Amino acid sequence: MKLFSKIFLSSMIVLSMALSLSGYLLINSSYKNAVDQELQRSMDQYQYIKFLLQADLIQQQEKLVHSDKSKFADLIYSSVSKLTNQNLPGFSSGRNYISVLGEDQTLIYSTFPSQMDFKISDYDVNQKIINKIEKIQGITHVMVLGKVTHKEQTVYLLTSTNIQSVIDQKDKMIRDYGTIYFITIGIGVILVIIFSSLLTAPIRRMSAAAARIADGNYKERLKDYSGDEMGELSKRFNRMAETIEERISELSTVAKQKEDFVSNFAHELKTPLTSVIGYADMIYQKQLSREDTKNAAAYILDEGLRLESLSLKLMDLIVLNKQDFILEELPADELLQNIVDTLKPLLSNHNVTLKLEAANEYIKVDYDLFKTLLLNLIDNAIKAGSTQIILNGELSHSFYRVTVTDNGCGIATEELDRITEAFYMVDKSRARKQHGAGLGLALASRIAQIHGSRLEFTSTLLKGTTVSIPLPLKDGDKND
Amino acid sequence: MVIKMIKQRILTVIAAAFSLLIVCGGWFLINELMDRQQTNLMNRVNSITVNETSNDDQDKEDETGRLLLSTQEITDILNVWRFDQTGYYHDPIDGQLTMEEAIKAAKSGLSYFCNEGVLPNQISENEYTQTNAFLYDIQDKKNISKVVPAAKRPSYSFWSVSLANQKVIIQLTLNAQTGQIWMANISLTSYDGINFNKVNVLDLLQKFETYLGLSDGNQLRSNEYYAAKSYSNNQIGIVAYKKIEEYSKYGTLQFSLGAAP
Numbered sequence: 000m001k002l003f004s005k006i007f008l009s010s011m012i013v014l015s016m017a018l019s020l021s022g023y024l025l026i027n028s029s030y031k032n033a034v035d036q037e038l039q040r041s042m043d044q045y046q047y048i049k050f051l052l053q054a055d056l057i058q059q060q061e062k063l064v065h066s067d068k069s070k071f072a073d074l075i076y077s078s079v080s081k082l083t084n085q086n087l088p089g090f091s092s093g094r095n096y097i098s099v100l101g102e103d104q105t106l107i108y109s110t111f112p113s114q115m116d117f118k119i120s121d122y123d124v125n126q127k128i129i130n131k132i133e134k135i136q137g138i139t140h141v142m143v144l145g146k147v148t149h150k151e152q153t154v155y156l157l158t159s160t161n162i163q164s165v166i167d168q169k170d171k172m173i174r175d176y177g178t179i180y181f182i183t184i185g186i187g188v189i190l191v192i193i194f195s196s197l198l199t200a201p202i203r204r205m206s207a208a209a210a211r212i213a214d215g216n217y218k219e220r221l222k223d224y225s226g227d228e229m230g231e232l233s234k235r236f237n238r239m240a241e242t243i244e245e246r247i248s249e250l251s252t253v254a255k256q257k258e259d260f261v262s263n264f265a266h267e268l269k270t271p272l273t274s275v276i277g278y279a280d281m282i283y284q285k286q287l288s289r290e291d292t293k294n295a296a297a298y299i300l301d302e303g304l305r306l307e308s309l310s311l312k313l314m315d316l317i318v319l320n321k322q323d324f325i326l327e328e329l330p331a332d333e334l335l336q337n338i339v340d341t342l343k344p345l346l347s348n349h350n351v352t353l354k355l356e357a358a359n360e361y362i363k364v365d366y367d368l369f370k371t372l373l374l375n376l377i378d379n380a381i382k383a384g385s386t387q388i389i390l391n392g393e394l395s396h397s398f399y400r401v402t403v404t405d406n407g408c409g410i411a412t413e414e415l416d417r418i419t420e421a422f423y424m425v426d427k428s429r430a431r432k433q434h435g436a437g438l439g440l441a442l443a444s445r446i447a448q449i450h451g452s453r454l455e456f457t458s459t460l461l462k463g464t465t466v467s468i469p470l471p472l473k474d475g476d477k478n479d
Numbered sequence: 000m001v002i003k004m005i006k007q008r009i010l011t012v013i014a015a016a017f018s019l020l021i022v023c024g025g026w027f028l029i030n031e032l033m034d035r036q037q038t039n040l041m042n043r044v045n046s047i048t049v050n051e052t053s054n055d056d057q058d059k060e061d062e063t064g065r066l067l068l069s070t071q072e073i074t075d076i077l078n079v080w081r082f083d084q085t086g087y088y089h090d091p092i093d094g095q096l097t098m099e100e101a102i103k104a105a106k107s108g109l110s111y112f113c114n115e116g117v118l119p120n121q122i123s124e125n126e127y128t129q130t131n132a133f134l135y136d137i138q139d140k141k142n143i144s145k146v147v148p149a150a151k152r153p154s155y156s157f158w159s160v161s162l163a164n165q166k167v168i169i170q171l172t173l174n175a176q177t178g179q180i181w182m183a184n185i186s187l188t189s190y191d192g193i194n195f196n197k198v199n200v201l202d203l204l205q206k207f208e209t210y211l212g213l214s215d216g217n218q219l220r221s222n223e224y225y226a227a228k229s230y231s232n233n234q235i236g237i238v239a240y241k242k243i244e245e246y247s248k249y250g251t252l253q254f255s256l257g258a259a260p
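Sequence lines, in order, name chains E and S.
Counting from 0, one number per residue, gives the positions in the first sequence under numbering that gives the first Met the number 0.
Counting from 0, one number per residue, gives the positions in the second sequence under numbering that gives the first Met the number 0.
By construction, these hints were calculated from the structure, which means they are not laboratory data.
Among these hints, one or two may not hold up.
Only pairs whose alpha carbons sit at most 20 Å apart, straight line, appear in this in silico PhoX-like list of lysine-lysine [unchecked claim]:
(1) E:K462 with E:K382
(2) E:K146 with E:K118
(3) S:K103 with E:K150
(4) S:K206 with S:K106
(5) E:K312 with E:K354
(6) S:K206 with E:K5
(7) S:K3 with E:K1
(8) E:K312 with E:K257
(9) S:K206 with E:K1
(10) E:K312 with E:K382
(11) E:K257 with E:K269
(12) E:K363 with E:K382
(13) S:K241 with E:K5
(14) E:K354 with E:K462
(15) E:K127 with E:K150
Chain S regions said to be covered by chain E (calculated; three or more residues, Cβ under 8 Å) [what the hints assert, rightly or not]:
(16) 96-105
(17) 170-178
(18) 192-206
Cβ-Cβ distance ranges computed for the label pairs, FRET-style [stated by the list, open to error]:
(19) S:A258 with E:S77: 28 to 36 Å
(20) S:S189 with E:R174: 51 to 59 Å
(21) S:S221 with E:P88: 16 to 24 Å
(22) S:E124 with E:S77: 51 to 59 Å
(23) E:Q126 with S:D34: 28 to 36 Å
Just so you know, these numbers come straight off a predicted model, no measurement behind them.
In this text, a Cβ means the ideal position worked out from N, Cα and C, and glycines have one as well.
Modelling step: build the complete structure from the supplied sequences, incorporating the hints.
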């Protein structure tokens, strides 16, 4: 069920119940008060008639002989008929009724219609006056019954007071309230529809926006911010959409990188294999001179070495991605000196001078990985045609920053963002000549990540490149 | 998707139908509850016990056997009377005068004043063709919506006795316990030998004081037509007053016990 329907339904339930209950309580309270007042009025009227009757009997008591019941009945008859013909309100007009019965319930006087459900014998009126609401010929009356005793003679006095006006008033109130009820409900329906629409409008807009995002429009945002919970929800929705957009962008980049990786890998694999197959076929098919055979074999060897290098570095990358490494604290200056010592033959072969300046500090590294990282960077510097390399280790805020600076050919600024991608080569022909596979910096970057760091490049074409590795220190900022 | 939409629409229609049902149900609920209320009222039989026994056992009588109320009791009754003017008829309870006794006490009281010479003798000698008496209670007015039971305290009810013939109408208010006249209003309806020309309101006031058994009055104020006196630190008082119109043909005489004038 839609939220609108739920709001509408619940509002209608609450409105109807509230109106019904309040209407019932209001009408009922008013009706009960009116009935109670009418009961009181009826009792007063009964008592008034009783007093008039008794007073008349007292006045005429000299006519009464104690034991003469028929005389008493005549006296009663004369008194009551005199009363009804004189000043009793409603009795002469037939609105109200009066009846007097003897002790044996024989009728002495009555203005009641002959057909009547009310039976005196059903009620005990000894020491009591009773009242009851009854219908007489479809008109509601309050019947009051009691005994009148005078000089040891007793009669039953029954009076009825017309209270049909109270019933009519109640019925009118119910009818009027019915009109009010349905008009209020009608207005309520319109208001509930308006308010429900207003309340659910932001939700509908949000739903539509979510649908558009689901369809791939990640730039979709909600515009209106109200100050209520819906506004807060809109803000959070937009934040969620931004996060999704960022993640999707990242995933797209990763997917693109993977695609490039596979494409590059296939290309890097195909190039040496084409050469190997071509030279091998030439040796197999043709009668070559010793010199040509040696040259062909040299090509095959060269390309084979490149393939070996490629496979080894790929293995390294795979291992680096899957293995957890335990870093240990080592003195930075000794570590860097050790690496420089290892590189001495390579450097002398290429006539490159390496200058080391290292601050004394303990850094957390995996010795072999870190050595691989620096070897890759220095190897790249040599391949870039550098004649001088500076390896620097210094404290910088909460980092121990290792920097490799060369004076090689440098890298164009637009290339810097991609040089750590696998198989990316700035100068492919030069790289291939040097058995490069475009995986060295990708490896170095991954190793830096394992050490909680990253490679930071600054380079100027034809002037050289600086690679910086900020290694986080265990105790934070030592300089601070 | 289409099935989901159809399902949504069905649910919306059901919700609308349910709302309509609730609205109509609410209306039928009101009618049903009112019908039940009506049936309950029709089936209910209210009863009021009459001739209850009074709890007031500390009644005092004077040497003539007549009950007396203390000044404080009179003050209390008058205070209730002053603020609760609506009376409710009821049958006499134990400790209260019956109608016959009340009429007798009324006539006896009038005879007292006639015998003392402060009222014309014709007042007591006259034959009254119409006599009525009504007993009403002046307390328990908070329960106006309910049928009021008979008074619990006999002294808080009053007999209103009226005696009338073609010449004079007498309206007397008697305390239902003591039978004393607390208020009297005598009106002449035609000139037929009775007039109030010779009635001295000051004498009438003094006899009324004696009749009620009041003493230690102060602040007597009087003139030819009016006399008043207060008692109990001005908490209560008695007043006598006469009015004569059109060559003494019609006249009104009134004397009463009430709040201090």
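Now for the hints, and whether the structure bears them out:
Proposed proximity of K462 of chain E and K382 of chain E is supported: the alpha carbons are some 14 Å apart, at most 20 Å. Between K146 of chain E and K118 of chain E the CA atoms are separated by roughly 15 Å; this keeps the pair inside 20 Å, and the hint holds. With a C-alpha separation of about 16 Å, the suggested pair K103 of chain S and K150 of chain E falls inside the 20 Å cut-off, and the hint holds. Between K206 of chain S and K106 of chain S the CA atoms are separated by roughly 16 Å; this keeps the pair inside 20 Å, and the hint holds.
Restraint check: the Cα-Cα separation between K312 of chain E and K354 of chain E comes to about 28 Å, which exceeds 20 Å; the hinted pair is violated. For the hint pairing K206 of chain S with K5 of chain E, the CA-to-CA distance comes to about 85 Å; that exceeds 20 Å, so the pair is violated. Between K3 of chain S and K1 of chain E the alpha-carbon distance is near 12 Å, which keeps this suggested pair within the 20 Å criterion. Simply put, K312 of chain E and K257 of chain E have alpha-carbon atoms about 17 Å apart, close enough for the 20 Å limit, and the pair holds.
Between K206 of chain S and K1 of chain E the CA atoms are separated by roughly 91 Å; this puts the pair beyond 20 Å, and the hint is violated. A hinted pair counts as satisfied when its Cα atoms are at most 20 Å apart, and K312 of chain E with K382 of chain E qualifies at roughly 17 Å. Distance hint between K257 of chain E and K269 of chain E is fulfilled; the C-alpha atoms sit about 18 Å from each other, no more than 20 Å. At most 20 Å may separate the alpha-carbon atoms for a hinted pair to count; K363 of chain E and K382 of chain E exceed this at roughly 29 Å.
Taking the CA atoms of K241 of chain S and K5 of chain E, the gap is about 80 Å. The hint is violated against a cut of 20 Å. Of the pairs offered as hints, the one joining K354 of chain E and K462 of chain E holds, with about 17 Å between alpha carbons and a cut-off of 20 Å not exceeded. A threshold of 20 Å between alpha carbons decides the hint, and for K127 of chain E with K150 of chain E the separation of about 19 Å falls inside it, so the pair holds. A count of 3 residues in the stretch 96-105 of chain S with a Cβ less than 8 Å from any Cβ of chain E is obtained; the coverage claim is therefore met, three being the minimum.
Against chain E, the stretch 170-178 of chain S contributes 0 residues with a C-beta closer than 8 Å to a partner C-beta. That does not satisfy the three-residue criterion, and the hint is violated. Counting residues of the stretch 192-206 of chain S whose CB lies closer than 8 Å to any CB of chain E gives 0, so the stated coverage by that chain is violated, three being the minimum. Under the hint 28 to 36 Å, the C-beta atoms of A258 of chain S and S77 of chain E, about 43 Å apart, miss the expected range. Distance hint check for S189 of chain S and R174 of chain E: the Cβ-Cβ separation is about 55 Å, which falls inside the suggested range of 51 to 59 Å.
Checked against the hint of 16 to 24 Å, the pair S221 of chain S and P88 of chain E fails, with Cβ atoms roughly 42 Å apart. Range check, E124 of chain S to S77 of chain E: Cβ separation about 27 Å, and the 51 to 59 Å hint is violated. For the pair Q126 of chain E and D34 of chain S, the supplied restraint of 28 to 36 Å holds, since their beta-carbon distance comes to about 34 Å.
In this structure, the earlier hints numbered 5, 6, 9, 12, 13, 17, 18, 19, 21 and 22 are contradicted, and the remaining ones agree with it.
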